[in-house]
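Participant: Keeping their order, the protein sequence lines are chains R and E.
For the first sequence, the tail end lands on 439 under our numbering, and the numbers increase by one without skipping.
For the second sequence, the tail end lands on 439 under our numbering, and the numbers increase by one without skipping.
Mixed in with the good hints there might be a few duds.
In silico PhoX-like pairs for lysine-lysine, Cα to Cα no more than 25 Å straight-line [stated by the list, open to error]:
id: 1; chain 1: R; residue 1: Lys214; chain 2: E; residue 2: Lys120
id: 2; chain 1: R; residue 1: Lys430; chain 2: E; residue 2: Lys124
id: 3; chain 1: E; residue 1: Lys300; chain 2: R; residue 2: Lys300
id: 4; chain 1: R; residue 1: Lys230; chain 2: E; residue 2: Lys120
id: 5; chain 1: R; residue 1: Lys270; chain 2: E; residue 2: Lys300
id: 6; chain 1: E; residue 1: Lys203; chain 2: E; residue 2: Lys234
id: 7; chain 1: R; residue 1: Lys430; chain 2: E; residue 2: Lys112
id: 8; chain 1: R; residue 1: Lys214; chain 2: E; residue 2: Lys203
Hint data in this document are derived by calculation from the structure and do not stem from the laboratory.
Number of protein chains: 2
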Amino acid sequence: MVDNSSNAPNIQLLLTGNELMTGDIVDSNSAMIAQQLLYLGLHIRKKVTVSDEMTDLVSEIQHLSQSADFLIINGGLGPTVDDLTAQALAEVAKVKIEQHPQALEHLQQWSKRRNFALNKPNLKQADLPAGCDIIDNDLGSAVGIKMTINDCIIYCTPGVPSELDVMLSKYIMQDIQLNLPNVHHYKVSRYQVFGIGESSLQKLINEQYTDWPKEIELGFRASMPLLELKLTCKSFQAEKELPACIKRLQSILGDHLVAQIDKKPLSFAKHIQSLLKDAKATITTAESCTGGMIASEITKESGSSDIFESGYVTYANRIKSSELGVNEAILQEHGAVSQQTVLAMAKGALAAASSDYVIATAGIAGPNGGTEEKPVGTVWIAWGSENNLQSVCLLLPGSRLFFQRYVTAISFDLIRRLLIGSAQVPLYIKERQVSSNPR
Amino acid sequence: MVDNSSNAPNIQLLLTGNELMTGDIVDSNSAMIAQQLLYLGLHIRKKVTVSDEMTDLVSEIQHLSQSADFLIINGGLGPTVDDLTAQALAEVAKVKIEQHPQALEHLQQWSKRRNFALNKPNLKQADLPAGCDIIDNDLGSAVGIKMTINDCIIYCTPGVPSELDVMLSKYIMQDIQLNLPNVHHYKVSRYQVFGIGESSLQKLINEQYTDWPKEIELGFRASMPLLELKLTCKSFQAEKELPACIKRLQSILGDHLVAQIDKKPLSFAKHIQSLLKDAKATITTAESCTGGMIASEITKESGSSDIFESGYVTYANRIKSSELGVNEAILQEHGAVSQQTVLAMAKGALAAASSDYVIATAGIAGPNGGTEEKPVGTVWIAWGSENNLQSVCLLLPGSRLFFQRYVTAISFDLIRRLLIGSAQVPLYIKERQVSSNPR
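All chains should be modelled from the sequences, with the hints used to inform the complete structure.
Facilitator: Okay, here's the thing in structure tokens:
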């Protein structure tokens with residue numbers, strides 16, 4: 001849970017701009033602001049986005065400044081008639097707009113470096129609420145504004161991401177820290193998990209770890225196909241309890257734990273690449289229902305040529321025979337979606353590619369092609385090496401794309417478990433395995 | 001400017017979730033909602049994001065429902081303790097939470113299809129505010145909620161993008177339209193375009209179509225790899241001018257125009273599928289630098305087995321020889337990224353798959369492996385049929401993933417142009433072709 005306890009500062013965000021309301025762009029500025037605050041252990045309490053309408057802006061600034069300790073306003077500092085932030089701020093503060101000498105100097109320097117004369121729209125950027133402070137902009141023409149209204153410290157920042165970035169890291173974050181009561185930065189630990197959902201894990205923790213430390217917060221982030229877990233300490237005491245907590249969480253997760261996140265979370269394919277590189281081994285793919293997705297995920301990662309030399313997309317039965325040597329009698333007797341076929345595909349690919357490991361898939365992605373015996377969502381996966389080839393049949397109903405993505409992710413997980421020598425049975429096999437072999 | 005005039009309905013958005021506040025993810029759900037509203041000519045007036053705190057949720061729903069005609073709430077419908085939307089809604093409406101029979105049935109069906117028993121956290125998803133309506137969720141466990149509070153129609157939607165997408169397009173957008181005051185909807189016409197950017201097209205229009213009708217608005221939506229164009233009439237007069245305007249726009253676009261959008265925009269692969277089906281023809285793929293992405297895009301679409309039987313991911317040189325019969329002398333003399341190799345790959349795949357058409361790719365996706373002669377971003381593409389095989393070398397610098405996606409899209413476009421019998425040279429060849437054949 002986010003710490004909204006009363007001693008945490010109440011930080012709010014106001015984003016302005018018509019383009020944010022029309023869905024043409026995804027707002028990444030607020031993610032940038034949130035990330036910089038997170039380094040200080042601070043969370044945004046509320047975020048409001050409005051279009052460039054004077055009445056909306058004025059009423060929001062008025063409203064938000066009454067509950068926030070800090071309000072960061074992003075956008076609306078530019079030279080055009082749409083840019084209303086300074087004017088709205090003046091209206092809320094009930095002060096006049098006047099030319100700010102430092103802002104004017106900044107504009108003059110800025111235009112001088114670029115060798116052009118200031119025009120009237122440019123000069124508008126020096127017209128600021130009386131009594132405000134300015135925040136330097138190292139890159140652009142618009143200076144930032146700092147002003148206290150209703151006991152709330154307000155920072156107005158430019159919408160251009162690079163300018164915002166510099167302004168935040170060079171000035172605003174320090175200024176917020178200076179104005180905070182004494183706060184400490186506690187430890188955070190992050191993990192990637194596969195094959196266990198948020199609710200299943202929460203249930204296991206409730207059953208097996210009833211004395212979960214109160215001041216360690218467990219957060220989840222669905223980042224298909226991997227789930228991210230985050231442990232955040234809320235006190236010095238919690239930091240002491242963290243190693244023991246991690247140990248118990250790891251024992252609950254078992255081999256559903258894929259990796260600890262160091263800097264950036266890695267893709268599933270990148271994890272497989274690392275394990276194969278460590279084993280100095282290569283892998284090949286024989287795909288029917290996933291249609292090339294497994295190969296594509298592998299080769300999206302740079303460095304994949306070290307561990308991947310070839311893949312086979314054998315969609316039609318006759319190709320399974322001609323390319324991978326699947327006996328036509330097997331196809332006729334057992335069908336394309338069968339243990340016999342997927343194992344023959346896997347063996348054929350291993351031989352053709354001279355690879356160490358293989359993933360083979362044969363299933364019914366839908367929406368058509370299902371039968372009562374083999375409904376849409378049925379898949380046979382084979383994985384392993386020449387001397388250790390395994391197979392499983394799962395039922396994964398859902399949309400075609402969901403099915404293909406899930407089969408791809410499970411295939412990666414099965415190879416991962418083989419490479420780390422896991423003897424545990426993953427939850428998705430327990431829950432999704434089709435007990436009797438469908439024919 | 002956004003139409004905030006008084007007769008436009010006041011639509012607001014409330015996004016919930018701690019993860020939205022911490023900067024771990026960039027919120028794309030609100031962009032999706034805004035885009036779907038935009039198709040109806042509707043704009044979002046205000047957007048608020050709060051973390052999963054009961055007091056914040058309750059006060060925001062209370063506050064927003066007083067000014068909004070429609071309020072879309074996204075997130076907080078899941079099974080965990082963090083998911084508080086239903087409870088907050090009940091508190092604002094001053095009704096009890098009770099088990100909703102239809103929601104329960106949905107959960108039972110959902111778990112039955114997946115072959116597992118409902119646990120307690122799952123069952124929580126059937127506990128909804130008394131008197132609410134539910135909105136079907138075709139993909140996931142959480143049903144949506146519809147409820148009117150303070151004369152505001154509130155829709156609660158799940159945070160999982162795919163589930164949100166289906167719920168919006170199948171139910172909520174229609175429902176909003178039904179509840180709108182009588183507004184006249186002027187004609188709208190939409191197109192998919194490839195290989196010409198927004199600014200290039202705007203420039204061509206400015207040059208060649210100076211008398212563009214004032215009351216027909218041209219909108220753009222980047223929807224990689226296809227660009228969407230939308231012509232919106234703003235008056236009855238504009239509706240009369242539309243056919244002539246479309247005709248002139250089409251002549252400016254030439255064969256960069258891929259299709260008119262009927263209901264939903266189709267993927268590039270789906271367009272290729274239709275063209276191949278019309279021609280009763282099949283296609284195969286021989287991929288090096290795209291690593292299976294072309295095959296994967298083709299097979300993501302249902303119905304692909306009619307036009308696609310096999311694909312080859314030949315990453316290593318020795319596999320290009322063993323699988324596709326590329327002469328080793330060609331590889332040694334000209335290298336893997338060469339016209340000779342890509343043509344030999346294409347011929348080999350056509351023969352192995354007995355397909356009518358082929359796409360073959362060989363290039364340097366990066367970030368490593370570039371040379372002065374063949375920098376990162378160099379790609380040879382071959383496409384066509386046995387008697388009409390063509391090839392081109394382009395330079396497409398950018399990230400590895402951008403490169404793979406762009407090569408995939410261009411390959412589709414080249415096959416499309418061949419299938420429609422186009423004699424025009426696309427802009428991307430004019431601009432990106434490497435003049436001297438690199439070796």
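Participant: Hint by hint, say whether it matches the structure.
Facilitator: So, going through the hints one by one against the coordinates:
At most 25 Å may separate the alpha-carbon atoms for a hinted pair to count; Lys214 of chain R and Lys120 of chain E meet this at roughly 22 Å. For the hint linking Lys430 of chain R to Lys124 of chain E, the alpha-carbon distance of about 23 Å falls within 25 Å, and the restraint holds. Our distance criterion of 25 Å between C-alpha atoms is met by Lys300 of chain E and Lys300 of chain R, whose separation comes to about 17 Å. Among the hinted pairs, Lys230 of chain R with Lys120 of chain E is consistent with the structure: their alpha-carbon atoms are about 24 Å apart, no more than 25 Å.
In summary, the hint linking Lys270 of chain R to Lys300 of chain E is supported, as the alpha carbons are separated by about 22 Å, within the 25 Å threshold. The hinted pair formed by Lys203 of chain E and Lys234 of chain E meets the criterion: a straight-line CA distance of about 23 Å does not exceed 25 Å. Taken as a hint, the Lys430 of chain R and Lys112 of chain E pair is honoured in the structure, with Cα atoms around 15 Å apart against an allowance of 25 Å. The straight-line distance between the Cα atoms of Lys214 of chain R and Lys203 of chain E is roughly 61 Å, outside the 25 Å bound, and the hint therefore fails.
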